[in-house]
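Q: Okay, here's what each chain looks like letter by letter:
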Amino acid sequence: MARWAISNKSFTPVAVADTTAFTDNGYLALQGGSSTQRSNILEVQLNGLAGASTPQLMELARDSTVAVTSITAGTNGRGPVALDPSSAALAAPPLAVGASTTKPQRSSTLSLLELGMNAFGGIVRWVAAVGEEIGVLGNTASLGEVSLSAFTGGTPGLTSTHIIFEPF
Amino acid sequence: MPSLKRHEGYLLIDNRDGPGLSEADVAAWRAAGKDVLAVPEGKKHEAGTITCHHCQAVVILNPARTRSRNYCPKCDHYICDTCEQRRAQTLECVPFKQVLDELQEQNARREQLGLGAASILLP
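Sequence lines, in order, name chains W and E.
Residue 18 in numbering that gives the first Met the number 0 sits at position 19 of the first sequence, and the numbers go up by one each step.
Residue 95 in numbering that gives the first Met the number 0 sits at position 96 of the second sequence, and the numbers go up by one each step.
Think of the hints as simulated: they come from the structure by calculation, not from any bench.
All C-beta atoms, glycine included, are put in the ideal place defined by N, C-alpha and C.
Among the hints, erroneous ones may be present.
What the hints assert, rightly or not - Far from chain W, by Cβ distances over 10 Å, these chain E residues were calculated:
| hint | residue |
| --- | --- |
| 1 | E7 |
| 2 | G17 |
| 3 | P18 |
| 4 | A27 |
| 5 | R64 |
| 6 | R66 |
| 7 | S67 |
| 8 | N69 |
| 9 | Y70 |
| 10 | C71 |
| 11 | K73 |
| 12 | R86 |
| 13 | T89 |
| 14 | V93 |
| 15 | K96 |
| 16 | E110 |
Stated by the list, open to error - List time: in silico DSSO-like cross-link candidates among lysine-lysine, alpha-carbon distance up to 27 Å:
| hint | chain 1 | residue 1 | chain 2 | residue 2 |
| --- | --- | --- | --- | --- |
| 17 | E | K43 | E | K4 |
| 18 | E | K43 | W | K8 |
| 19 | E | K4 | W | K8 |
Chain E on its own, in the form it takes in the complex (with noise of 0.2 Å):
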């Protein structure tokens, strides 16, 4: 059975040469609800990635999470906090790849019409 870690991607942060963010620099953004990494002045901080197969925001890897990892059954990958209470409310899994195919062959059609792309306003 294949492993999910083959979905992750690779995040490198280096401020070996440079002063970095301190827990300080990073308070104001996440209080504005960013997720910040703040990775002090001389560390090299490398994680692991996953792009959530529902809404392709990246998750930054946390390896000393406790709490089990959001995961889809149905399209066999990680998803993101956000997705996995709708998952959970809904039960419905729609990958973004087929979002991003059913637009496509509707700007397609529109296109062969004669009209404008269509337009899409996600959440």
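So that you can see chain W by itself, here it is in the shape it has in the complex (with noise of 0.2 Å):
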């Protein structure tokens, strides 16, 4: 299947701590577009866009709570977009979530990848090997719903985020 992505080019995270709703626009997640669809999370990438140090903590992690209700990417998020101009387009796509009614909530239980970065300056990417990707099944908790925000401490700063993904 095509590879896709989501993206916000601009947003100082929120810092909040597990199991705590999530702030529109301090956050990006990843919610399945059905209940039976699959996705794999191929590449994680965050850049640092802050004109001052500003420690984080940002978790990918799974959310105990997904987002549910008036859900979109947030002022500047964006996709799901094809990488490639030929991929077809999705019956169900997956959405990209920056902002909702009912706001997600990171698992304490399920957290999948800790990045400690500044984002004065910082740049952070994560690959996965062909065949150990993450996977997002659905779009209700614990599996339908993947999160990139940042955990409580530090002064989070201005960054810039994309997920890669292969819907299937």
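Make one complex out of these two single chains by using the hints.
A: This is the structure in structure tokens:
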């Protein structure tokens, strides 16, 4: 299948503890497009855009509460966008989540990757090996949504990010 | 015999143009149980990663590690410390892809019956 991306070109992560509602435009999440849809996350990248030192702990984790109602990618969020222009449109495209009525909450036990970075010039990139990608299934907790958000502490700063995935 | 290195992902933390993170910056996160690397100013850190085959948590490989890495001989993959504890107690191997397959099957059946998707809360 084709590879797709969701992204946010400029947002300031809002630090929250596990199992606490995210703040709109303070995170980026990927939610499945239907109850049976599966996707594999292939790559995550974060680029620091801040103008002063801003240590932050960005966490890729499954969400124990998923976004519901009025889901959008947020102010600067985009996607999903096909990486290859010849990709066929998806019948039920996965959702880029940056804002919603019911806010997602990061699971306290299903953390996938902890990425400490300084948003003042820091670059972080993780790429999965073939066959070792992170799976997303359906659109309900706790397998249907994976988020990239800031954990409590530090002073999160302006960041851009993308998540590349492959729905199938 | 194929090497287990074929399962390794790649992590880059590039702080060549920024202040990076000091040990003091990450101390509070580590105290909260988060496994955070402190890559200081001017440094670029590249590391292999493994995705635990039983829970899909990503483990950043420490090249200085002297303990053997946790390995499940049934699925021929590396697993994380938490899953190794469980495997040592139960001797069970349940790959995460199997969990996804079974739940996907279950959701498809529920959809055919007009029921909502099954919700699963892992440990």
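Q: Decide, hint by hint, whether the structure agrees.
A: Each hint tested on the structure:
Non-interface call for E/E7 relative to chain W: violated, since the shortest CB-CB distance, roughly 6 Å, does not exceed 10 Å. At the 10 Å boundary, the C-beta of E/G17 falls inside the reach of chain W, the nearest C-beta of that chain being 3 Å off. A beta-carbon of chain W comes within 10 Å of the beta-carbon of E/P18; the shortest separation is about 5 Å. With a closest Cβ-Cβ approach of about 5 Å to chain W, E/A27 is found to fall inside the 10 Å limit, against its non-interface label.
Interface exclusion of E/R64 from chain W stands, the closest Cβ pair being 17 Å apart, more than 10 Å. With a closest Cβ-Cβ approach of about 20 Å to chain W, E/R66 is found to remain outside the 10 Å limit, as its non-interface label requires. E/S67, annotated as away from the interface, keeps every beta carbon of chain W farther than 10 Å; the closest lies near 20 Å. Every CB of chain W lies more than 10 Å from the CB of E/N69, the least distance being 15 Å, so the non-interface label holds.
Annotated as non-interface, E/Y70 keeps its C-beta farther than 10 Å from every C-beta of chain W; the closest such distance is 14 Å. Distance check on E/C71: its Cβ is at least 14 Å (rounded) from any Cβ of chain W, clearing the 10 Å threshold; non-interface status holds. No beta-carbon of chain W comes within 10 Å of the beta-carbon of E/K73; the shortest separation is about 17 Å. Under the 10 Å C-beta cut-off, the non-interface status given to E/R86 relative to chain W holds; the minimum distance is some 17 Å.
Here E/T89 stays apart from chain W, with its beta-carbon at least about 18 Å from theirs, past the 10 Å limit. Listed as outside the interface, E/V93 is consistent with that label: its C-beta sits roughly 14 Å from the nearest C-beta of chain W, beyond the 10 Å cut-off. Chain W draws E/K96 into its interface by the beta-carbon criterion, the shortest separation being 7 Å against a cut-off of 10 Å. For E/E110, the non-interface assignment is contradicted: its Cβ lies about 6 Å from the closest Cβ of chain W, within the 10 Å cut-off.
Taking the CA atoms of E/K43 and E/K4, the gap is near 22 Å; set against the 27 Å cutoff, the hint holds. Straight-line distance between C-alpha atoms of E/K43 and W/K8 comes to about 23 Å, which keeps the hinted pair within the 27 Å bound. Between the alpha carbons of E/K4 and W/K8 the distance comes to roughly 33 Å, so the proposed pair goes past 27 Å and is violated.
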